[in-house]
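The listed protein sequences correspond, in order, to chains D and L.
Using my numbering, read the first sequence as starting at 1 and increasing by one per residue.
Using my numbering, read the second sequence as starting at 1 and increasing by one per residue.
Where hints are given, some of them may not hold.
[Stated by the list, open to error] SDA-like mimics (lysine to any residue), calculated; alpha carbons at most 25 Å apart, straight line: (1) D:Lys176 to L:Lys29; (2) D:Lys176 to L:Ala107; (3) L:Lys101 to D:Gln231; (4) L:Lys29 to D:Tyr380; (5) L:Lys133 to D:Lys176; (6) L:Lys132 to D:Ala191; (7) L:Lys132 to D:Glu29; (8) L:Lys101 to D:Asn386.
Calculated from the structure, these hints are not laboratory results.
No experiment lies behind these values; they were computed from the predicted model shown.
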Amino acid sequence: MNSLHDLFMLMFTLSQMQDKGKIMKLFQESITELFNPMQFFYTEQKEINAIYSEEITIRNNSLGYISSTTEPTPETKSLLQNAIQMLAILLDRLNIEDELQEKANTLEIVTQKQLSEIKNYIDELEKARLASLNLIEDLKDEISERKKAEEKIIALNQTLEHRVFERTNQLQLANKELESFSYSISHDLRAPLRAIYGFSQILASRHRDSLNEEGQKYMDYVVDASIRMEQLINDLLNYSRLGRTSLSLRPISLKEVIDSVYSDYKSDLEDLGGSFEMKNNFPSIEGDESLLHQIFSNLIGNAIKYRRIDTPLEIQIQGEELPDGYLLKVIDNGIGIAENHYEKIFNVFQRLHNEKTYPGTGIGLANVKKAVSLLGGMIYVESKVNSGSTFFIKFTQ
Amino acid sequence: MRNTQAQILLVEDNPMDVILTLDAFHEAKLNNNINVARDGEEALDYIFGKGDFANRIKFPMPSLILLDLKMPGIDGFEVLRQIKNTENLKRIPVIILTSSKEEGDLALSYDIGANSYLVKPVNFNGFIDVVKKIDDYWFTLNIGAPIEK
Numbered sequence: 001m002n003s004l005h006d007l008f009m010l011m012f013t014l015s016q017m018q019d020k021g022k023i024m025k026l027f028q029e030s031i032t033e034l035f036n037p038m039q040f041f042y043t044e045q046k047e048i049n050a051i052y053s054e055e056i057t058i059r060n061n062s063l064g065y066i067s068s069t070t071e072p073t074p075e076t077k078s079l080l081q082n083a084i085q086m087l088a089i090l091l092d093r094l095n096i097e098d099e100l101q102e103k104a105n106t107l108e109i110v111t112q113k114q115l116s117e118i119k120n121y122i123d124e125l126e127k128a129r130l131a132s133l134n135l136i137e138d139l140k141d142e143i144s145e146r147k148k149a150e151e152k153i154i155a156l157n158q159t160l161e162h163r164v165f166e167r168t169n170q171l172q173l174a175n176k177e178l179e180s181f182s183y184s185i186s187h188d189l190r191a192p193l194r195a196i197y198g199f200s201q202i203l204a205s206r207h208r209d210s211l212n213e214e215g216q217k218y219m220d221y222v223v224d225a226s227i228r229m230e231q232l233i234n235d236l237l238n239y240s241r242l243g244r245t246s247l248s249l250r251p252i253s254l255k256e257v258i259d260s261v262y263s264d265y266k267s268d269l270e271d272l273g274g275s276f277e278m279k280n281n282f283p284s285i286e287g288d289e290s291l292l293h294q295i296f297s298n299l300i301g302n303a304i305k306y307r308r309i310d311t312p313l314e315i316q317i318q319g320e321e322l323p324d325g326y327l328l329k330v331i332d333n334g335i336g337i338a339e340n341h342y343e344k345i346f347n348v349f350q351r352l353h354n355e356k357t358y359p360g361t362g363i364g365l366a367n368v369k370k371a372v373s374l375l376g377g378m379i380y381v382e383s384k385v386n387s388g389s390t391f392f393i394k395f396t397q
Numbered sequence: 001m002r003n004t005q006a007q008i009l010l011v012e013d014n015p016m017d018v019i020l021t022l023d024a025f026h027e028a029k030l031n032n033n034i035n036v037a038r039d040g041e042e043a044l045d046y047i048f049g050k051g052d053f054a055n056r057i058k059f060p061m062p063s064l065i066l067l068d069l070k071m072p073g074i075d076g077f078e079v080l081r082q083i084k085n086t087e088n089l090k091r092i093p094v095i096i097l098t099s100s101k102e103e104g105d106l107a108l109s110y111d112i113g114a115n116s117y118l119v120k121p122v123n124f125n126g127f128i129d130v131v132k133k134i135d136d137y138w139f140t141l142n143i144g145a146p147i148e149k
């Protein structure tokens with residue numbers, strides 16, 4: 001019979017198809033055609049009215065029923081059952097294919113999703129990499145900028161140092177010239193002063209009688225002024241001479257210098273009932289003996305000159321070791337110095353009192369300051385009016 | 001009792017200093033014969049007896065020279081040098097009488113052979129004292145060099 005062959009052909013045709021709905025439809029139509037005049041129809045649920053039904057099952061799942069209104073012959077039944085089995089297999093295969101496809105699709109989607117995520121991640125990484133490359137470039141630029149700036153600063157520093165060196169040299173030169181100038185001025189002023197002083201002295205004494213009272217008084221003023229001028233010139237000469245001859249620096253015993261100065265003033269101090277005390281051990285320092293002598297002589301002389309009337313004079317010399325040198329203190333209980341004068345008193349010809357009460361030209365402390373700085377030290381004062389003064393001299397070794 | 005003939009040559013270029021110095025000697029009532037040379041050249045001419053100064057009655061050889069250092073032209077050092085380098089002149093005592101107390105001037109003066117170094121005082125009365133002391137020391141106390149024939 002042709003039915004088997006037709007059935008195979010049908011199954012073959014169906015196996016080429018993908019659409020399950022169309023497959024079922026074609027199966028049903030073909031079976032009907034093949035087993036004409038039997039009419040088959042497909043239902044999803046078992047039809048009660050059907051005389052005969054064959055269930056299509058795939059792996060225990062029911063796909064529906066092929067039913068007919070008439071009882072098929074055993075041959076037809078057998079063929080039908082085979083066909084249904086083959087259909088079931090086909091459909092199963094299609095289901096499996098569908099499932100696989102779906103799984104593949106899902107996998108594809110997931111994979112795509114993951115790929116997309118990976119791609120994004122890669123993009124982000126790439127962005128970050130580029131960004132860090134840019135950052136590195138920027139940092140490189142900044143480093144080279146900084147290096148340039150550093151080099152500039154170093155060059156500037158060198159220039160500055162050079163300028164400072166030059167300026168210091170200029171200042172030293174100017175200082176030397178100034179000293180030369182004040183030396184020659186004070187020196188050259190002496191000659192005319194000799195004439196003024198000398199002749200006015202002769203007039204004031206030898207020719208006194210040819211002058212009236214006013215003339216005599218005025219002549220005396222001229223003489224006084226000449227005396228004063230001589231003092232000033234001498235002091236200026238000494239001041240500018242300080243340090244003109246090169247220093248002879250060698251270890252000097254401070255105690256010996258102070259003792260020597262004290263012996264100069266000893267009788268004055270005794271007359272005044274004043275006391276003189278040297279505290280601590282005084283070391284030897286690198287210095288020039290005559291400069292050191294001048295320093296102490298001036299300071300102690302000042303302490304005696306500017307003593308208080310109502311209190312017996314007390315002078316104390318103290319010494320203190322410092323980590324970087326040595327600190328000397330010359331302490332007195334004299335009339336003291338007001339704070340706003342602390343700097344002024346070291347100026348040349350600077351006086352705080354009138355000449356009648358305290359004689360002098362005001363050069364003493366200027367000499368001390370110059371001598372101290374020639375020895376590489378510094379001097380400053382702390383004082384309380386009507387109580388006393390302390391002069392600090394700091395030598396850095 | 002004077003040991004030495006008081007014959008002074010004053011070498012000084014500043015006319016006012018000349019007047020004051022002569023005045024001081026006068027005030028000190030010293031019986032000195034003082035001649036003045038106004039600059040280095042004149043001093044050398046006097047000492048070496050050149051020109052007018054050959055007349056040793058009018059311009060006697062000095063037994064003491066007061067010598068200023070700072071003079072224009074031939075200065076005091078040059079005068080001193082020539083005196084001290086000349087056989088029959090070098091025994092004459094030379095007192096430098098100057099305004100400068102500069103170490104350099106001191107050293108050079110003594111190196112060339114100055115016998116003494118005095119700084120001109122500004123104080124005239126002080127100067128009278130100095131002059132008295134010069135007279136006292138150099139003409140009374142000090143025994144001068146024998147005069148070479």
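Hint-by-hint comparison with the structure:
Annotation: proposed proximity of lysine 176 of chain D to lysine 29 of chain L is violated, straight-line Cα distance about 46 Å (limit 25 Å). Distance check on the hinted pair: lysine 176 of chain D and alanine 107 of chain L sit about 22 Å apart at the alpha-carbon level, within 25 Å; holds. In summary, the hint linking lysine 101 of chain L to glutamine 231 of chain D is supported, as the alpha carbons are separated by about 16 Å, within the 25 Å threshold. Of the pairs offered as hints, the one joining lysine 29 of chain L and tyrosine 380 of chain D is violated, with about 54 Å between alpha carbons and a cut-off of 25 Å exceeded.
Using a Cα cut-off of 25 Å, the hinted pair lysine 133 of chain L and lysine 176 of chain D is violated, with the two alpha carbons roughly 38 Å apart. With a C-alpha separation of about 22 Å, the suggested pairing of lysine 132 of chain L with alanine 191 of chain D holds against the 25 Å cut-off. Of the supplied pair hints, the one linking lysine 132 of chain L and glutamate 29 of chain D is violated, its CA atoms being roughly 173 Å apart against a limit of 25 Å. For a cut-off of 25 Å, the pair hint linking lysine 101 of chain L to asparagine 386 of chain D is broken: about 41 Å separates their Cα positions.
Comparing the model with each earlier hint shows violations of hints 1, 4, 5, 7, 8; every other hint is respected.
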